[in-house]
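Protein chains: 2
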Amino acid sequence: MFALCVFGSAISTSTPAADLDAGKAKAMSCAMCHGANGISQMPGAPNLAGQQAIYVEQQLKHFRSGKRSNEIMGVIAKPLTDTEISDLAAWYESIKVSVVER
Amino acid sequence: MFALCVFGSAISTSTPAADLDAGKAKAMSCAMCHGANGISQMPGAPNLAGQQAIYVEQQLKHFRSGKRSNEIMGVIAKPLTDTEISDLAAWYESIKVSVVER
Chain A
1 MFALCVFGSA ISTSTPAADL DAGKAKAMSC AMCHGANGIS QMPGAPNLAG
51 QQAIYVEQQL KHFRSGKRSN EIMGVIAKPL TDTEISDLAA WYESIKVSVV
101 ER
Chain B
103 MFALCVFGSA ISTSTPAADL DAGKAKAMSC AMCHGANGIS QMPGAPNLAG
153 QQAIYVEQQL KHFRSGKRSN EIMGVIAKPL TDTEISDLAA WYESIKVSVV
203 ER
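Chains A and B, in that order, are what the protein sequence lines are.
Numbering (the numbering used here) for the first sequence: 1 to 102.
Numbering (the numbering used here) for the second sequence: 103 to 204.
Since the hints were derived computationally from the structure, they do not count as laboratory data.
We treat Cβ as the ideally placed atom computed from N, Cα and C, and that holds for glycine.
There is no bait here: all hints are sound.
Sample of chain B residues at the chain A side, in silico, Cβ under 8 angstroms:
1. Asn139
2. Ser142
3. Pro145
4. Gly146
5. Pro148
6. Ala151
7. Gln153
8. Gln154
9. Tyr157
10. Gln160
11. Arg170
12. Ile197
13. Lys198
14. Ser200
15. Val202
Same shape as in the complex, but just chain A (with noise of 0.2 angstroms):
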C-alpha cells in the first residue's frame, strides 16, 4: 500500500527565528500534563519532547481555532499567540530525545 505523505503545510521561511527561553517559559504551564521536559506526566497527554516544530505549531493552531477538538487543549490554545506557539513549538523540538537500541 502506497501512502503519499504530504503532511507539513507550506513551510513559510519569512517567520523571525523562535525564542526558546520565551518557549521553554511557557511551557511550565504545560508541565503538568507534558512533564518538564516534555514527556507526559498524564495519561493521555502526548509526550511533546523532540516533537517536530512544525508538527507542534499545526497543533496548537487547530486547537487554537476549533478545527482539532479538545476540551482541555481548546481552553488553553485559544489566547495563544502565533509567536507563543512557535516558541512553544521550538522549545519542545530542542528537547533532544534518543531511541534506546533494543
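Model the placement of chain B on the given structure of chain A, informed by the hints.
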C-alpha cells in the same frame, strides 16, 4: 493558571494484551512518514517513538471516526480494527526513548 488535566478516556481493564510483534509488522506501513523506529521522516508527521499507547490509540480511533481530521490519516485509519490499533499503539509505546540532558 491551574489547568485540570483530564485527558484519558476511561481505561477499560478487560482488553486483551496487545501483540507487539503484530504491531511492529503493521507499523511497517507507517514507517515512510513516522520512521521505522517512530522518529518522523516527514515534516508534519509526528514522532511516535515512546508515545503513550492510550494517546496513539485514541488518536487513531479519532482519525478512523473522523472526529479528528487529516487527509492522510483519515484514509489510513479507516480500515484499521480495534485490535490493530491497540497493537500499533502498544508497539510505539514500547519503543523506549530517553531525553538527552542538556
